[in-house]
Amino acid sequence: MTAAEPKIQIQGVTKTFATGRAPALAEVDLDVAERELVCILGPSGCGKSTLLNIVAGFLAPTTGTVRVDGRVVTGPAPERGVVFQEYALFPWLTVTGNVEFGPRLQARPADERRRTVDRYLDLVGLRAHADKFPAQLSGGMKQRVAIARALANNPAVILMDEPFGALDAQTREVLQDELSKIQRVEHKTILFVTHSIREAVYLADRVVVMTSVPGRIRQIFPIKLPEIRDRFAPEFTQYEADITRMVKEEVAKVHE
Amino acid sequence: MRTAATLLGALLAWAAFTAVNARVELVNPVLLPTPVQVGQVALDLGASGELARHVLTSLWRVVQGFGLAAVAALALGVLVGLCVPLRHMTEPVIEFVRPIPPLAFLPMFLVWFGLGEASKVAFIGYTTFFPMFVAIAASVLRVDVVLLRAAASLGASRADLVRRVMLPAALPGIVVALRVGVGLALFVIVGAEFMGADAGLGHLIMEGRTFFNPPQIVMGALVLGLLGSLVNVLLLAAERRLLGQRAAA
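Protein chains in written order, with the numbering used here: chain A, 279 to 534; chain B, 32 to 280.
Just chain A, same shape as in the assembly (with noise of 0.2 Å):
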């Protein structure tokens, strides 16, 4: 693998859900470099989470592909970790037993799976809780625990959709901090899917804006802003107001 080489690769990606109808997704072309962190931004009904669900391997392109480290996408894999809005957290395992299900599941020898949960829960801050059940939890802790999850899992990319959607403001500002401080340790190449601007902007080093149906790229943004991010810095603010408009013509689209 040459350096220059894209860590995930889409390529010429269309979605059609039933023959006849209008596509969902429309010859979408986007490269995502290693250790880079990509926001896919949209109208609701965009296929952004379309897209994120074709490179994650739940569902298959109506034509074109999706490499990652060059390997063909077919399904689901360990080398792409998923992060859902609903968390997706198993609910008969403990934080730690749902932190260390993948290490499980490759039967690595449990004082490594010991150490990796120690690792990823003192990331996420939740060392204290690794006994709790999901239940036992608010929103923004599970969340915490999924992210967790995927990370001890060790991927080669993390996929995200939407994953700070069913929080409210303070908790979701508070997760971004977090996940851009995560970031700034792992250096992990994460695709993530989102409505909110805001956080496109204050995550990202690039934002893909989405047409509305059928979805395609209408621009990239690179956001040239320093890694550690201030929402209210003159630059932040004009990369939102930018980036605002464009999506405003698009749910303007919508309703015409």
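Everything labelled a hint here was simulated from the structure, so no lab data went into it. Among the clues, some could well be false.
Residues from chain B that keep clear of chain A, each with C-beta distances beyond 12 Å, as calculated [claimed, not checked]:
#1 M32
#2 L57
#3 V176
#4 S260
Residues on chain B that point at chain A, a partial pick, calculated with CB under 8 Å [to be verified]:
#5 V177
#6 L185
#7 D191
#8 P199
Short derived list, chain A residues pointing at chain B, Cβ under 8 Å [to be verified]:
#9 A334
#10 P354
#11 P356
#12 R358
#13 V360
#14 E364
#15 F368
#16 G380
#17 L383
#18 Q497
#19 F499
This structure is a prediction, so every number in the text was calculated from the model and none was measured. Glycine residues also receive a C-beta, built at the ideal position from the N, C-alpha and C atoms.
Once you have looked at the hints, place chain B on chain A.
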């Protein structure tokens, strides 16, 4: 404590009513056994070991019939819950057979399996199988697809998905299905023992009718009630132990 008080109250009301009835003869007192008469029958049968024999006979039939049905319902329910074509094939038949009152088939079971143990066990098995099977298949089917996706993206194989996600996720539904099955088994054992049985609580009740011994009929019924509530309490405790911590997710 409150349960005990309520039960004692009901017993006193029964004693008072029969005592008054013995004087004013609202109904023929012979037809309305008093608690003392019922207690006397229980003591007599208990002392001779007869009562224990009937109870154990009934319970053993319930255990066998329910056990067979539970194993079958679990295996087939999980299979049908997992396999869509199988579900489409079996669903119409099941939906047709299920509403037929099981007792309607009891004579058939006597014809097929004779008057011995086999017909009772088979009848309990048949009665409890369908509700358990349908409930287990439904709880496997209801497993959240997002949990399956999460596990698959963590590296779970198809076998892992069944063993590590489907079964634990469906467990609360499966446990409820089994509890309903046991209750139902205790319910229909009486009917199965009304015909062609020489032991069991149903037989004891029928004997009370044949020899005109109302206290024995009432005692049989009360013992059944006692067994049913006892089993239910035990099963609820087991269920709480098994599922307690995950609570409502």
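> Can you list which hints this structure breaks, lowest number first?
Replying inline: 3, 18 and 19
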